[in-house]
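J.: Join the two chains into one complex using the hints; note that each chain is given alone, in its own frame.
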Amino acid sequence: MKDEKIDAIFNPKSVALIGASNKEGKMGYVFAKNIIDGYRGKIYMVNPSEEQVFGLKCYPDVRSIPDSIDLAVIVIPAKAVPKVMEELAEKGTKAAVVITAGFSEAGPEGKKLEEEMMVAANKGKIKVVGPNCFGIYNCNIGLNASLGVGTPPQGGDISFVTQSGAYGMAIFAFALDHHMKFAKIMAHGNKAGIEDYEILRYLGEDDETKVICLFLESVNKGREFLEEAKKITPKKPIVATKTGRTAGAARAAASHTAALAGSFTAYEAAFKQSGIIFARNGMDLINIAKGLDWQPLPRGPRVGIITNSGGTGVELADLCEEAGLVVPELSEETQKKIRELIPPYASARNPVDMTPVWPKFVELYSKIIKILYESSEIDIIIPIILQRAAMMPEVCQAVADTVNQCLASDRKKPTYVCWVSVRSAQGNMDILQKNRVPCYDWPERTARAVGAIYGYVEFLKRRAISFEGR
Amino acid sequence: MRVEAANLIKMVRDDGRNFMLEHEAKAVLKSYGIPVTQDIFCKTPDEAVRAARKIGYPVAMKIVSPQIIHKTEFGGVRLNLASDENVKSAFDEMVSNARKRLGNFDLRGVLVCEMARGHEMIIGSMKDAQFGQMIMFGIGGINVEVFKDVSYRIVPIEEIDALEMISELKGKKLIEGYRGSEKVDINGIVSTLIAVSRLLCDFDEIEEMDLNPIFGNARGVKVADARIILSKVNS
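These protein sequence lines are chains C and X, in that order. Residue numbering for the first sequence follows my numbering, starting at 1 and increasing by one per position. Residue numbering for the second sequence follows my numbering, starting at 1 and increasing by one per position.
Here chain X stands alone, though its shape is the one from the complex (with noise of 0.2 Å):
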């Protein structure tokens, strides 16, 4: 797994960059064994109706470029996409809207993945002068956001903190089935939490990541979108 993503990221300074795009994040995650969308890139319309069909609808896509770090902001995220013809028209709208604020950019390709159901999650990284290389976890959108329901350790962390870090958010209920809602799988949680500290703790030039949204259900958890920045010198 080391040596998989210690490849990932030199092919990324190679090409001049210090933050990896989706695909490349996502296989460096799935390199540690952390659970990600399946997801197929696509350069043309066409390989994408293809992907999609392969994946099964409906689908989500989204604009792969250096370029671009926000998607969103670019009109570069399409969800729920339930037919050829909505592929292959998103894959159009996103390029040109993209175009319309970069002029000739830099596009990579679109990235086909599949649509994740479950609760809302995320898990993110950041650095501390002190303590170095922390994981972040938080449950459902409006939690984290809004009233900041989210726990940090410091890595690496064994399988007692991440059953902590779990516990000690007020959004467990949400994740327990509150009102009859579904059950997300704890130890799927727990082990994706592990593998991201044991990838920190192997590349400490992961300077931030945000694996955000992670949706959870019974059967585990999916990574359905990630961000990975490097320090911008090669450590």
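With the rest of the complex left out, here is chain C (with noise of 0.2 Å):
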């Protein structure tokens, strides 16, 4: 069963948004211009010194609104949000999100109007979001309850929690221009009235939610947490970045969010022993999720890479190698095939380093990509596409459309792009995105994001769980 509270959060009948303004600058109206621009539900405006708020009727206060309200989203200042709370819990409102800043993380003030506000919620049983957060956004039906520009695309299903409000937006805005799509975004700040175990117990039951990404500062409840993890995981991934695993850095979190940042040690085992895909840092986060959501599982850790570069090629093997893949030399058989293609003072051994022919760059990656998918001997494919065949929009499309057609006969091995090129070619990265073939910048983020994705099909491997059609 769904916990009927979050789902109110993200689908909710009726939004009201506590502060609506129609000043540009205030905070009231950002979040009026988000919610308006894809949500259609109810929308309720609420500031007893406006009479309109974008075209829409503004109430004075919470109970002259004549509806019962799902979602309350909260940016008035803190002092004003405990009797805000009150009235909103009188009201049966089933979920709050409070923007605003000013609680624990500003003090012992503000720890006190924290509470004085969970006391209010938790007499109504609303579920609490934040406060000092960024918001959140259900993609799939438009909502936009967030500081975030504009409304994303629909039909995502990568969901995403995050501590951290204004770089969890960053990452996520990175991953929009990577063409991601997402189903489910929480930011939730300083986790007043709700814990990690539930969010990632409602997104492991959410059918919307593929894969699950977490940006952490801290853990409430660890133990659940990792109890909920373990279930999820065997389903459907989970991959967790988490600051503060050094001594400066767990400072600056205390400061930051009132976040007790717990020893690493403790993160990084209960990772492990859930099967959560630990990701280095926000980049990684994305990269690797970006991999999961766009390909299929690896079924084993062997690498063919095909380049046009040897020297990427050689980094890139190296690389992966250390990422705890292996990279196998070709069998005669195989090799045969790729020799009667590639100049004769090329290679194909593996690195496939077909030398820069590039007029035949679309026919030799098509061909080789192929060649390594029918192949028994490879369960990862990873085409360099390296400076001038960078540029060669062509060439792109022909590796797009080759993986598209090799997964549609039969999705049983995945691709990755290690991606090296200047700004210019920017465009033709979007070719193969696109089409959902992931690209990594340089052989360090495409093998640390491959290594991490394998790390989890072993967890599963070793567990002996099926990951058939995954």
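Treat the hints as calculated values from the structure; they're not laboratory data. One or more of the hints may lead you astray.
Said to hold, decoys possible - As a list, the in silico DSBU-like pairs of lysine-lysine whose alpha-carbon atoms are at most 30 Å apart:
#1 C:K231 <-> X:K127
#2 X:K172 <-> C:K461
#3 X:K183 <-> C:K272
#4 C:K5 <-> C:K230
#5 C:K370 <-> C:K336
#6 C:K461 <-> X:K170
#7 C:K461 <-> X:K148
#8 C:K272 <-> X:K172
#9 C:K221 <-> C:K235
#10 C:K221 <-> X:K148
#11 X:K170 <-> C:K230
#12 X:K232 <-> C:K221
#13 X:K148 <-> C:K272
#14 C:K123 <-> C:K42
#15 C:K125 <-> C:K230
#16 C:K181 <-> C:K230
#17 X:K127 <-> C:K111
#18 X:K173 <-> C:K461
#19 X:K172 <-> C:K230
#20 X:K173 <-> C:K272
#21 X:K43 <-> X:K30
#22 X:K127 <-> C:K221
#23 X:K127 <-> C:K272
T.: Written as structure tokens, this is what we have:
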């Protein structure tokens, strides 16, 4: 059974914006604009000093709203929040997202306010997200109740929970820029009224979520979190990054979100035994999620590298091996098939180095990908698209088409592109990523993302958990 | 096992301590099926000699006092004692060593112990504010101390977790028969880790634990020394 209160956060029938405003630059303006933009449920604006906000009737207070409220979004100053929370409780409001800062993260006075707010919320059994947070999205219903700009595309299945507001949103924006699509986003800030494991459980049960991403500063109720994660990872992957791993960083976290950064040893142990994929940083988090979302899981660790630059191929091979993958020499039989295509001075051993024969790039990338896809010697294909190849849109199109043709016939192994090129070629990377072929900048990030994904596969294999069809 | 361990813990609490003496800690371990060295608690040099003969030479001897947590610092550990004379004089020396430092101290006796052989290993526990009881495993004295080659898990652990704890250590090679050295019974390590995990789950009041050293060989593992610290207040 889905948690009804958390569901009210993501799928509300009605949303009230407490502190709605017509004044550009005000928080209440940004939120009004964002909510109206894509959300098609009932919207109630609340502000005693406005008649209308964005053409919608504005109510002087919560009591005057002639309807029940599923989700209240609160952007008014901290000291006014406890009283509003009481009114919302009386009204039977299901959930509230408190954007306002100045609570426990700001000192003892704020802490007191947060406690008062929670007393009121608990009385009415209101599920509280925040305070001191960036808000929430349900992309698939066009709901943007956050500080982020614009309504993201629908049809996504990655969900992202972030304790850091601004960085979390930057990570999200970076992901959108890479054509990733999301289902649900929650920035939960001080986590005064919601536990990590509750959100995890909700997303674990959520059919629209296929990949769960977590940006953590701390975890409360670690044991419950671990138990939930253990239940979820056999079915769907969880990727997490955890900041505050060192003593210096932990200090910053304590003053930042009033978080008690636990020792990383415990987190590391919890991640390992529950199969949570650990990402070392925000960008790795997104890179790993992208590979998991767009491509099937690798069946084994054997990487086939296709390159037009020997140096890059060897660097990637080194980094792959360091990341727990293997780059085996291809059999004579497979090498023979490849040698028939490439120049006599090129190498078919693995990395397959076609050398810079750009007039033949389209043909060679496509045909060699197909050969490796059909070969039982390789589990993972990594074409390196470098410099001139990256500047040729027809090469990117051919790689994208080949990968998707292969997957359409039999979804049996992933392809990840290692991208090494200049900014002016960025548009060509879009060709690949719009077609769900993940691109990673440079060998280091590629190897780290692919190694982490394979680490998850090993976790499943060691426990004899089937990932047939995934 | 739980009842027996609970009684032992209560006994220690009743004695006004939160630190279990070695033989008490080992009795707790034993009640959970964790293999420990054969030890005999003795109050006099003559008792010690009889114990040593019963166990079979060579033996180890350790001082037992609630005032002594780190026995070696007080000259309270003697190894490889091979005769009645050695045992007798070791008894007297250990007591007088401790007396030099502590004056008239609370001497409970000495422990005469079987000398276990094999690869050195360690199992420990600690508590994390968010995740609770954690179990640690390490192989080899230097690997643990200098290279911090240890693995942690949150309890309870399952067999697969125990196997992963072992396999992620660099020192794993040492117990797999590196350069002809004796292989260690992996199942023995796994079942010990699981039993310790069970003990930790049952007793949240165990604040810290050090089973160090543990000796492992092809026939199994044995805990040679054990330290258990309980929480200050009975929970």
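J.: Against the earlier hints, flag every one the structure doesn't satisfy and list their numbers going up.
T.: As far as the earlier hints go, not one is violated by this structure.
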